[in-house]
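Below, each chain spelled out in residue letters.
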Amino acid sequence: MISLLLIIVASLFFTGIIIRTKSIASGRKGPGIFQPMKDIFRLLRKGAVYSKTTSIIFQIAPSFYFASIVMAILAVPLGNYPGLISFQGDFILFAYLLAFGKFFMIISALDTGSSFEGMGASRESLFSMLAEPAFFIVMGSFALLTGQTSFHTIFSTLHYGSNISYMLGILATFVFGIIALIENSRMPIDDPKTHLELTMIHEVMILDNSGFDLGLILHATNLKFAMYGAIISNFFIGDLPLMYTIPIFLAVQIGFAIAIGIFESFIARFRMGHNPQFVFILTSVALLIFFGVLLLLQRFV
Amino acid sequence: MKHLIEAFNLIAIITAIILPLLKVKWKGIAAVSAITIQVALASIVSISVFTGTSVDYSYIGSYITGAIPIRVDYLSAWFILVISFTFLTGAFFGMQYMKQYKDQTANLSLHAIAYLLAYTALVDICIVQNGLALLVVWEIMALSSFIIIIFEHTKKDVLKAGINFLIQSHLCILFLTLSFMWVKIKTGTFDFTGITAYTGQVPTLVSIGLFIFFFFGFAIKAGFVPFHTWLPLAHPAAPAHVSGVMSGVIIKIGIYGILRVLLLIKTDFIAIGYFILIISVISGLYGVMLAIVQHNLKKLLAYHSIENIGIIGMGIGLGCLGIGYNNQPLIFLGFGGALLHTLNHSLFKSLLFFTAGNVYSYVHSLNIDSLGGLIRKLPRTAILFLVGSLAICGLPPFNGFISEFLIYIGMFKSISGLGFSVTVLMMFAILGLVLIGGLAIICFTKAFSIVFLGSPRHISLEDVHNEEKASVSPLYPIVFLILAIGLVPTLFLNIISLPISQYAGVMPINAEIITDYGKTLSLIGLYAAILIAFVVLVYLLRRYFNKNTIQSVNETWGCGYVGPTNKLQYTASSYIRTYRKLVQPIFKIRKFKADAQGIFPNKAHHETHPYDKIEDWLIDKPLGLIRRFLSRFTFLQNGNVQAYILYGFIFITLIVLIPEIYEKILLLIKFLNQL
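Quick note, the sequences are listed as chains A and B, same order.
Sequential numbering from 1 applies to the first sequence in our numbering.
Sequential numbering from 1 applies to the second sequence in our numbering.
The hints are simulated quantities; they were obtained by calculation from the structure and are not laboratory data.
Where is the CB? At the ideal position from N, CA and C, for every residue including glycine.
Which chain A residues face chain B? A few, computed with CB under 8 angstroms, are given here:
| # | residue |
| --- | --- |
| 1 | 46 |
| 2 | 50 |
| 3 | 51 |
| 4 | 63 |
| 5 | 64 |
| 6 | 70 |
| 7 | 92 |
| 8 | 103 |
| 9 | 111 |
| 10 | 129 |
| 11 | 143 |
| 12 | 211 |
| 13 | 276 |
| 14 | 290 |
Label-pair distances were calculated between CB atoms; the ranges are:
| # | chain 1 | residue 1 | chain 2 | residue 2 | range |
| --- | --- | --- | --- | --- | --- |
| 15 | A | 1 | B | 619 | 57 to 67 angstroms |
| 16 | A | 299 | B | 516 | 18 to 28 angstroms |
| 17 | A | 165 | B | 596 | 56 to 66 angstroms |
| 18 | A | 299 | B | 502 | 27 to 37 angstroms |
| 19 | B | 581 | A | 194 | 20 to 30 angstroms |
| 20 | A | 193 | B | 600 | 33 to 43 angstroms |
| 21 | B | 605 | A | 194 | 29 to 39 angstroms |
| 22 | A | 165 | B | 594 | 57 to 67 angstroms |
| 23 | B | 143 | A | 277 | 49 to 59 angstroms |
| 24 | A | 299 | B | 594 | 49 to 59 angstroms |
| 25 | B | 613 | A | 34 | 53 to 63 angstroms |
| 26 | B | 516 | A | 5 | 24 to 34 angstroms |
| 27 | B | 515 | A | 165 | 28 to 38 angstroms |
| 28 | A | 194 | B | 598 | 31 to 41 angstroms |
Given these sequences and hints, build the entire structure.
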């Protein structure tokens, strides 16, 4: 419950901080950190234009997407406090819920019959497929390390004893950070602020959405960011009491957002053709974690 | 119970005799009602087995076969229920689907008879406990499925695919015959108990060898890679309800065979577990990777059957490891996942094939790239196909997730505690299953959205008739079961815990394990229900917010371009282009293209022909070699009757002379020895 509230709070300012960081880094004045939320509230109250090629799928897909992400967030714990969904193997449900929402976004993009949106859908489906193994390998490694199989029990028994286990935490943070970038279509995979639709992934998929639907989708992205930030913060929280965990949580979220902002200010987007290789790197880093765990447990024969 | 089973078989025979005499209008009704009665009888038998009645009797048989024991245990009962349900919905759907062929009277009666016989034989396979009798029933099943596949036998492709199926199913029978003969020679009995007795006293290596023989036979039927090559040919050739039934349950009889042999054989289950798990991961990945690049909707679904057989196999492999390590939770999760996925796959795959059949009967095309926008003409078919797609991708709140979850959790549980090699194997298997899931999503987003969404590509929607309710109504029970398993999985878990307990050996599965995972699954069901409720809530919220706003309809946003045509939209090939480029080294994809060039360009075109590299290596190349070798003897077939009479004469002479010559040679050797 506490994690859900915190994630919702963090989602309100997460994108704002990214934008603010970018504006400071490029020497602009920039909008306030709540500007993205204000935009979303305005969108929720606006009317919409629908393409005449679209069918009922296009109308229902944003609701499915939003609902799936909120459901996935319910599975994320905060240190000692389990999420609302907590059972053995809940991270499998978590990953599949996200995939469920993605499925609907992809088919709704293809529903418009536009070449641009088809292109975005094609890339989204491929890149998220390539990113998925990394998540499971990291979770599998931690399951091996702790002997547990749910988010809450893994994170609360994860304790950092030796140097290698710190390394693992850092590597896992790296993996989840990049997964968050891929899933939310940020640099270096995708550039949401480019002016050429040919070079986008996520933004081009939602070209035809407007009004309430667009608001839902945009806020779903914020929630997704905060959700990954929450998972990353769990690597560091362990079983501390609540008075420490909440500040750590917020610090990690803000730090994560600022890091993304700085990262995006100083790096260019990869060529689309090079993205699969980059995403594959993630799987190999995840395998490093796996071997690290094996090393730690002295399982090598 | 004995009388029920006899009545079950008798109905098939009587209907087979009566059916050709009826008028066309009555044929379908007679066949469907016969199959309904049969299903009712079979269900009574299996349900009474589940509630505790034991069905175990024996026919005297003949001198050759020995006694033929008939036994319906939990495993048989489970498979009988799965088979019966799909055959029943298939029959109802088939009656609708075959209306377009109503002038082919004789053909229809043959088809209906073969359909009945295939069902009867499949059920009999599940209950017969004698090797030779099993082979006979298996042959009936193979022949009748051959006949139902080649319904449109006037088409060359269909006949070719049918013959391919016939040959490969006999390859399967060959392996089974060899394995049963092996046991018969060693123990003198065809009874299944002979397998247990024999493998109990031989070295492990021999029993593994026997298992591999059985496995190859059943794997051809089930479609494990590399024995899968008949599936993608036979499924598109068959009528839709047959494809659904074939993919849903006929290939599952291979899974039944493997599970049955695992119950009987005594061997090193750890080695077998490794073997099955690795081959299954490869099957799953290979199937789905090839499915994505297909252009024919039914072929795509056929490759997906290979993938799902792989997932079922992973469950079986896990279960074997569980037996080997004497790990009860693993037995439960592995075999539970496999058995439940068998049911699940038979549900959503038959649903997908039936809806694909609807597409074919309304549009007369299954080429994904030329379809589009069908949701406007076939809304119910589209939604049903969507449900099937979501379920086959293993997404909650549908049934596919439940069985995949059981397998996943089995893998995550056994990743620690069973030694280094198991850890690595499990990581490999998890990686495989994850990739399968991700690739399935690419595949079915492609299949669903290109066929049903967007605007039509090479068809005209005006030519498509409006959807009739009757063409989808037989499919609703399938959707009901799909949702039921997704939302109340515990119910089904309790049923499958009975067949699973057969694998646990003398020690029954701990009741705690069942309740423990039952609790987990019921939580998943609960969250699935919450998910649905939440979606509805968000959608209602949307309705509420949109009430006072202006909604308008316009062209699709073309980024400033204002002359959109449907030729601009993404096609299936362009949707998977990046993926195709990634996997190109693994497959054999022939590509032809001509670009538009110059001021007055020619017509540009682009085509890809994906081909299976394993089929190339394993079937085409050896066949080519054999053909080259045999072509040297074509001079024998010269069309000259005198020459043929001469061959006959030479043959008879040889037959008579061989014993004589043999004796002479023996004599010579003796003589030489004496020297």
